[in-house]
Amino acid sequence: NLTELFGEFRTGKTQLCHTLAVTCQLPVEQSGGEGKCLWIDTEGTFRPERIVAIAKRFGLDPNDCLDNIAYARAYNCDHQLELLAQAAAMMSESRFALLVVDSATGLYRSEFSGRGELAARQSHLCRFLRSLQRLADVFGVAVLVSNQVVARVDAFSSSSSSSGCGDKLPIGGHIMAHASQTRLYLRKGRAESRICKVYDSPSLPEGEAVFAIGEGGIGDYEET
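Numbering follows UniProt numbering, in which position 133 of the sequence shown is assigned residue number 133; successive positions increment by one, without gaps.
Hints are computed from structural coordinates only; laboratory data are not their basis. What you are looking at is a predicted structure, and each value in this text was computed from that prediction instead of being measured.
16 Å max Cα-Cα, derived EDC-like pairs, lysine to aspartate or glutamate:
id, residue 1, residue 2
1, K188, E208
2, K188, D220
3, K197, E8
Just need the whole structure built from these sequences, with the hints factored in.
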């Protein structure tokens with residue numbers, strides 16, 4: 001399945017990706033995936049020092065955790081798509097539990113910026129998302145993509161009931177919506193808390209969970 005995390009900046013999307021890049025290496029009996037992580041970074045947000053801190057929290061060797069994360073930086077949309085072919089080759093040789101793309105739409109926003117390029121952008125994004133789904137189907141890998149939000153500009157932007165996330169909408173439109181099996185909306189809560197809302201899922205009921213970002217990654221939020 002393809003899971004999408006979307007929200008504004010500093011809501012915990014990348015931090016959750018870092019945490020899962022470590023926990024996917026845990027044994028199945030510890031709710032892990034017993035596999036490696038492949039990370040495609042489009043915005044330069046991957047931080048090895050975060051992996052080290054999170055690994056220590058879960059009692060894992062930091063160096064082993066880093067060795068089990070295959071990292072690649074994507075510099076344009078074509079490169080981002082080409083990396084999936086390399087990912088398939090690696091997955092055919094080793095057990096990967098998680099594929100992270102942080103973020104899936106960042107390069108598309110910068111490369112296809114004009115209104116006249118919308119159709120080309122959506123077509124390229126559709127190819128990328130289909131390739132991601134193919135990797136999930138063939139290799140049984142969980143796919144996690146982060147996404148940003150934009151302000152609604154239609155007549156209903158003042159209504160929070162229609163989208164479930166106020167006056168913000170995830171980038172990518174219907175193409176991203178149809179590609180993502182589970183969509184999680186992250187937003188800031190009170191003080192230093194963050195809130196994760198199940199925006200759309202075929203297997204999860206609607207609901208919210210409060211969490212915090214700590215030195216050891218994502219964890220429970222405790223009010224002081």
